[in-house]
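Asker: The lines below spell out each chain.
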Amino acid sequence: MAEYFTLFMGAVIVNNFVLTRFLGLCIFFGVSKNLNASIGMGMAVTSVMTLSSILAWVVYNYILQPFGLTFLTTVVFVVLIASFVQLLEMIIKKHAPALYNMWGIYLVLIATNCIVLGVPLLNSESNFGFMKSVVHAIGSGVGFALAIILMASLREKLQYADVPKSLQGLGIAFILAGMLALSFFGFSGMIAL
Amino acid sequence: MKLWDIFYKGIFEQNPIFRLALSLCPALAVTSTVMNALAMGLSVLFVITANNVVVSIFRKCVNPKVRVPVYITSIATIVTVVQLVLQAFLPVLYKELSIYLALIVVFAIILARAEVFAAKNGVIPSMFDGLGMGAGFAGAMVLIGAIRELFGAGTILGVSIFGAAYNPALIMILPPGGFILIGLMIASFNLMGEYQAKAKAKAAGRSEA
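Chains as they are written, first to last, in numbering that gives the first Met the number 0: chain W, 0 to 192; chain X, 0 to 208.
Derived from the structure by calculation, the hints contain no laboratory data. Treat each hint with caution, since some may be false.
With a straight-line Cα cutoff of 30 Å, these simulated DSS-like cross-link-like pairs (lysine-lysine) come out [stated by the list, open to error]:
1) K1(X) to K201(X)
2) K1(X) to K197(X)
3) K8(X) to K197(X)
4) K94(X) to K131(W)
5) K1(X) to K164(W)
6) K64(X) to K199(X)
7) K59(X) to K199(X)
8) K92(W) to K156(W)
9) K156(W) to K32(W)
10) K199(X) to K1(X)
11) K197(X) to K164(W)
12) K119(X) to K8(X)
13) K32(W) to K164(W)
14) K94(X) to K1(X)
15) K93(W) to K64(X)
16) K8(X) to K59(X)
17) K8(X) to K94(X)
18) K164(W) to K64(X)
19) K92(W) to K197(X)
20) K119(X) to K1(X)
21) K164(W) to K201(X)
All chains should be modelled from the sequences, with the hints used to inform the complete structure.
Answerer: Given below as structure tokens:
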């Protein structure tokens, strides 16, 4: 149990995917202008990442490994996850239109995203078991949600600040992310992985 | 001349990292040393060029409805080739780049070039477009890598520049330094663009008068 807890906290705080591994930056900067949107995005990423990690784990351990096809991992994971997200989008659109109106746009954005692909790849590379993969995926998703919500809150405040013209937009956002990353660095070494 | 223009626009005017802010994603994680940045940049250069060529060869027989899955499969195949080659000949480098190499698949820039350029143009212009964009990308990566390695470790490609007396600013190698540096570089690119636009406007005004 302690092992899973360490893995989870490690993924959320110490090895935060956005702030220490640079994964998921496109949506991190793209969607963090608005707090509500970033909450929706955080939730969408967490759930999609968990589901696709499960799927990828099954495919990797029951198809790719037994048949010695691990060199195809990249191709298979990309196609698998992209089509899974598309399918999820269709199902939600048909059966839960209200949910689709809230979340649909985020699903389209994350269909082929570095973070959603990165977690299953890391899981298979570190040979995680089923439970570990799931815990790792949830932890990474929560970590992403935490980072993007913090970032959105900061950027909403930033609108009232007087930023030099050339720094406006992405420039200042990156510097802000750097400071956020610096503060997260205070946690490093807390959990040794 | 026209091919040169196609090539050149990727390097400054539409530089994939600083100008379009596309695919800044995971690539930046490996810019902590020049060597890694160069390896990543060249891998991307190869993938984007090869993919542009493949897409433009098959542009007439791919149904527009399924084009994105086709592009993604093509990119993933080329990336797998790069992975296998690096794994076989440069295993140390392969280990350092680890999953970031596989993540080239989802770089927005590659899909964007396939969609915007290669799907509408012939093989040769597409190849030059890929080479230009790839070179712009690799150049930016190496530049970031050089600054981070120089200040973070006092070396370039492992050769000491500042001598033993230099106390390295470790933050530059760590992720926070990377973020802050890129923010400043985007800002300086914007500033340069502003000056150029101003100079152009001035020149235009003078010729009218």
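Asker: Could you check the structure against the hints above and give me the numbers of any it violates, in ascending order?
Answerer: 5, 6, 7, 8, 14, 17, 18 and 19
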